[in-house]
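Visitor: Could you fit the two chains together into a complex? Lean on the hints.
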Amino acid sequence: MLEGLRFPYSAARTDHGEALLRAQLPLTLMLGSKTVQVVGLLDSGADVNVLPHSVGIELGAEWSEQAPQVRLSGNLASLEARGIIVSAAVGQLPTLRLAFAWTRSEDVPLILGQVNFFAEFDVCFFRSQGYFELRPKAPGGGT
Amino acid sequence: MSVEELLGELRKLDRADKLRAMELLVLELASEEQALLTPGSHYEVWSPYDASDAAKTLNRLLETDKSSRAAQDA
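Residue numbers (our numbering), protein chains in the order written: chain A, 1 to 143; chain B, 1 to 74.
Just chain B, same shape as in the assembly (with noise of 0.2 Å):
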């Protein structure tokens, strides 16, 4: 069976059955994972870790957006 006509049976499937699929699939591919880190690769690492300051400004902002909506409900 080729993969356009196993990706047609696979549409077909009802929504628990393409979570199961997609489960297994995700299964198979995380047991062919042989080496995480390889040497010499490059990796990005994007996450803002320590940004305090930019969390303490975003609070500030979603506080600033609370107050203004209850006052546009009331």
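The shape of chain A in the complex, shown without the other chains (with noise of 0.2 Å):
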């Protein structure tokens, strides 16, 4: 079985300067020949990942030919927003395919949600001690 990786949470603070823990992961994005690093907020109350405009252009990605359209909710609703996907790779695990809603938004986070962050990374949560940790799903796991 393939080791699992511990990450810290990184900390933030609110405008009224309160101190906010969030379980945001480093990883790299690859689509054809262009590679670029992102952090992605960890949210397993998610339905599918999303990801910023301005990250899929970095991409190279063309708004144009990506399809079919994706229905968001709550707060990115009115969002419009397309399916991609693209290889990325976290630590050294090894590479792996993930499914975004690419939107035309630049003001929300890189979000990694149950399609199909979830499916592919076990992921533990140690919130009152500061770090979560990540491991590939076991071969053979279901989806």
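Fair warning: there could be bad hints in the mix.
For lysine-lysine, the following BS3-like pairs were computed, each having C-alpha atoms within a straight-line distance of at most 25 Å [to be verified]:
(1) K56/B - K66/B
(2) K66/B - K34/A
(3) K137/A - K56/B
Calculated Cβ distances over 10 Å to all of chain B for the following chain A residues [as the list claims (entries may be wrong)]:
(4) L31
(5) V70
(6) V123
Just a sample of chain A residues kept apart from chain B, beta carbon distances all over 12 Å, derived [what the hints assert, rightly or not]:
(7) A12
(8) S33
(9) H53
(10) G60
(11) L79
(12) F121
Calculated from the structure, these hints are not laboratory results.
Quick caveat, the model's predicted, so the values are computed rather than measured.
All C-beta atoms in this analysis are idealised placements derived from N, C-alpha and C, irrespective of residue type, glycine included.
Guide: Next comes the structure, spelled out in structure tokens:
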């Protein structure tokens, strides 16, 4: 079985100076010959992965070539989005394919959700201790 | 010791000790969290938590991607 990786929570400050901790994962996205380093917010409540528009552009994706249209919900419901699949690498773990709802908006975080980030990785959150652990799903695991 | 001096010292640590230092700071910050929700504040909730159509669409895309890559490898 592949070894898991441990990542510290990252700290952010609100406008009121309060400290907030976020489970953010550094990863590398690849499309064709383009590579982009990003940080994704682990969101087990999100049904899908979400990609900000600028990251797709950095990867060389063409908006008009991406199909089909994807309908988002919540705060994202008003945003136009399309499906896109890119290769992704976390640390030294094997590269895998991640599907994203690529939005027209810049004002959204890169979200890692159930389809298909959490289908590919098992994640344990140790929020009280300030870290989370991640390991690839076991071979033969479901989606 | 200034923050700049401290950061210089932290950079000399090996990976494991850097992680320990990071975890300690994160715990310190967590303990400072007094009020998680401030009345009158605006909190963004980006999570697409009820996007089953989007999930179906992306799953179909993944299946298509898997099939086409398998065909290329064959």
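Visitor: Each hint: holds or not?
Guide: For each hint, the structure was consulted:
1. K56/B - K66/B: 15 Å, holds
2. K66/B - K34/A: 21 Å, holds
3. K137/A - K56/B: Given pair K137/A, K56/B holds - Cα atoms ~21 Å apart, limit 25 Å.
4. L31: 12 Å, holds
5. V70: 4 Å, violated
6. V123: Consistent with the label, V123/A stays out of reach of chain B, its closest Cβ about 16 Å off (over 10 Å).
7. A12: 9 Å, violated
8. S33: Correct as stated: the minimum Cβ-Cβ distance to chain B is 17 Å, above 12 Å.
9. H53: With a cut-off of 12 Å, H53/A remains clear of chain B, as the shortest Cβ separation is near 14 Å.
10. G60: 17 Å, holds
11. L79: Nearest chain B Cβ is 10 Å from L79/A, so the label is violated.
12. F121: 15 Å, holds
Taken one by one, the earlier hints fail for this structure at numbers 5, 7 and 11, listed in ascending order.
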